[in-house]
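Enquirer: Build the full structure now, drawing on both the sequences and the hints.
Protein sequence lines correspond, in order, to chains A and B. Residue 309 in this note's numbering is what sits at position 309 of the first sequence, and the numbering runs on without skipping anything. Residue 839 in this note's numbering is what sits at position 195 of the second sequence, and the numbering runs on without skipping anything.
Simulated from the structure, these hints should not be mistaken for laboratory data. What you were told as hints is all true, and nothing was included just to trick you.
Interface residues of chain A toward chain B, partial, derived using beta-carbon atoms under 10 Å:
no.	residue
1	PHE46
2	GLY240
3	ALA296
4	GLU475
Derived CB-CB ranges, DEER-like:
no.	chain 1	residue 1	chain 2	residue 2	range
5	A	ALA200	B	ASP895	50 to 60 Å
6	B	ASP970	A	ASP458	26 to 36 Å
7	A	ALA68	B	GLY978	23 to 33 Å
Which bits of chain A does chain B cover? Going by a derived footprint, with three or more residues having C-beta under 8 Å, they are:
no.	stretch
8	265-272
9	303-312
All residues carry an ideal CB built from backbone N, CA and C; glycine is no exception.
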Amino acid sequence: MSTTTDQSASHRKPIELDRVVIRFAGDSGDGMQLVGSRFTTVSSLFGNDTATLPDFPAEIRAPAGTLAGVSAFQVHISDHDILTPGDAPNVLVAMNPAALRANLPTVADGGTIIVNVDAFDERSLEKAGYHSNPLRDGSLSSYSVYEVPMTSLTMQVGKEAGVKPRDAERSKNFFALGLVSWLYNRPTEPTLDWIARRFAGDSLILDANTRAFKAGYNFGETAELFESTYQVRPAHAAPGIYTNVTGNTALAWGLIAAAHQAGLPLFLGSYPITPASDILHELSKHKQFGVRTFQAEDEIAGIGAAIGAAFGGALGVTTTSGPGVDLKSESIGLAVSLELPLVVVDIQRGGPSTGLPTKTEQSDLLHAMYGRHGEAPVPIVAAMTPSHCFDAAIEAARIALAYRTPVFLLSDGYLANGAEPWRLPDLEELPDLRVPFASEPNATDDDGNPVFWPYVRDTDTLARPWAVPGTPGLEHRIGGLEKSDGAGNVSYDPANHERMVQLRAAKVAGIARSIPPVEVDDPDGADVLVLGWGSTYGAIAAGVRRVRARGLPVAHVQLVHLNPFPPNLGDVLGRYRNVLVPEANLGHLARLVRAEYLVDAVSLTKVQGVPFRAAEIEAAILQAMGVAAGTEAGAGDQIADVAS
Amino acid sequence: MTDGAAPATTRKDWASDQEVRWCPGCGDYSILAAVQMLMPELGVRREQTVFVSGIGCAARFPYYMNTYGMHSIHGRAPAIATGLAVTRPDLDVWVVTGDGDALSIGGNHLIHALRRNVNLNILLFNNQIYGLTKGQYSPTSEQGKVTKSTPFGSLETPFNPISLALGAEATFVARTHDMDRKHMMETFRRAHEHKGAAFVEIYQNCNVFNDGAFEQITGRDHRAEMLIPLVHGEPIRFGAERQHGVVLERDGSLRIVEVADVGEDALLVHDEHRQDPGLAFQLSRLSRGPFEPTPIGVFRDVERAEYGDAMTQQLLEAAQRKGPADLAALLRSGGTWEVVAEDGARNGH
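Expert: Now the structure itself:
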């Protein structure tokens, strides 16, 4: 509040920034997720590259004003291609003391803090665990702090709109959005249009939210509180049509696209579970695509129904998170034995047990790989970014359909809720996933009559025929009992069992022949390779950029296929002196590549429920190179500015 | 998938080439025979028929039917069959299950399939014992039952499968037994005719681990006095001379009486189509177990929207409302912008 300027900030030329990380934080009920995602959308429309990190508690409404109830949304906007939601926010919008206290440790040194000063009363400070007011005790002296009476100003405009005082206060998130929109020179029309559409059913709330948004924007312009506004120019992106998409939405659309490309109806059997439920919600909306969604009585019924649908000739899918995978394991084994196509989507979250329902982790890889009794191999595909969930879903469906096998599709909480701009694919370029149903007998019985044998295999893929009920002459029985090679009748023959185990293993291993070789990002001929999988893509790629910005060579491979591995992976790993494997678990992929390729891979692990930061990857790479991260004081900051 | 009337078949056409491997004397044989004999009469096609089972002795059933079939995992058949039935309304889907499979490990799936009214014919072979695992008590075993796992007697109150099904909002609930092929075939025929979930409990003798469990009521010499046939629209009477009957007391309870004492007009007239399942539930409680006069036949047969039909209807309505499926429009549904050149000029949409 101490800052005064001769000239209103609005009359000045905005200060150009190449990137900024903003974190909106408030109570769970304050609408921070909504504000964050609106700011993201507007920034994307404006042309920035964006990446987001929603961060909210498992409790729907923890007690107001407490640390447990703080919900935050971090967005990184940039004039260049960015890969992560940013390591440290440059701006923190804190709607109350708890939001300040919970998020202050993440804010960049010298960062900007905008607080709703109305919420800093004694009781709220106490609830947040403050013994003195941080706005007054000098503890924030290394930040630029702006105190804005958001609640009272919002209530004032709400009163003008005729809203009850209690309801008027609820629009304060739009005030905050308006203020930040002004500060970063965002266009207002998209937000005002959105408010008009979203609240079309309630003119009073529409009016209150519109007024609050405008009040926030105008406050910035007229209050002479801020020295300047900031401008983040549009990024240079490849030509095309773009949309902003979260991982779960992209995954749902990918499943619809896969069914479309396969010419099959899509069936989803699912039980609600965080953070996977949004896929169920999204698919439920698109019945015009022939999508049948079945909210089952439990996780087991979800996958069971998907298996039944697959038997009938549908693309069967089940979606869940780790606890649900535990429950589905027996059914996945059944699908391995039945050799029917099935996509099992696991949106990973922190474990064990209920663990951290709303936080991200990559700790289900070994579960997907080995989490069944018996020899039960299952292919695994992992998505790298929110928009890549679309491609990963299509790839998982491709493998499932072509090889008649259950396939794990791994995403995680970070990808599920995170959003990024996505250049829409050319639908003509999507792969053809059609597979023929069996229509004719494929064997002869002892009397020379034509018969259908359900376990006669394709010589190339080793897939068995997919003969759906309704096809005359192909009546057959399948089940979880071991069956004879070819005829498929129940068989307890020792040699047959071993042959079937080997055939199922060979079928899954053979998928490698259909997978493109991994691309190695290694422009400079490095000694150190960073090997990642899934959602660590952004942080690893950003960390690698930072290292290269220091003039040091480093290579990067990000795996999408975890089982089987791409055919050339062993050769690639053998070319590097050091292989560093960052994972949000205790070293699953590192174990797999060590076992498979006898490579001395070094694990970098993080299990805090939050994604890696680029700086952490950078430090680990430097350590692997024998370069101390802190040797060039200050260099890191500069590098951070050019290469996140 | 196939048009026109089904070709005439015989029992033999419905039997697979697999050797039936139940214990000699098992009640499952007669149930299998009843189903294989009924199929030609139903005028259905083998390729349109699917038997889905879980685990247990009964669950081997699909292997012996020359139809499509799946022998799945313990308790899950109703869930698997649900996925099949709702995506393939053209099929005739049967679930074969047992008391352990349907009422213990798979209890959840059974009640929800019934509640949703999925178009399934569910045949529950109730032998009040675990046979495949060699003789442990089941959720329908009587209290005090001495088995391998209850050497001092079972402590548990058994489920009454008919009561359970009625409580789970089942639209078709019936009971039959393995000693009466004609009654089985008639009951299965009724189940097949019913649109929605049809639940049939079959008292089935396990001659190895629980021999004679139903002998007191289903034995040839006892049936007339111990089985109460339920016939829609008729007074509920039983006995060799039809001398016994069931009356509804003023307090709402049911009681077995001598017809001679009360007169036929006082007897309860069975109404399968009664929407309120209360009376059917009362009938299911008339007997405390297979040692007292026990009703058999159709307890309840009411109409309610079938789940798969309703789901298909929603799809059709969505297609009408939103027009044909358009993948390109879907990907643009969240708002788009266009980057026209490398300088980043954009147009929002």
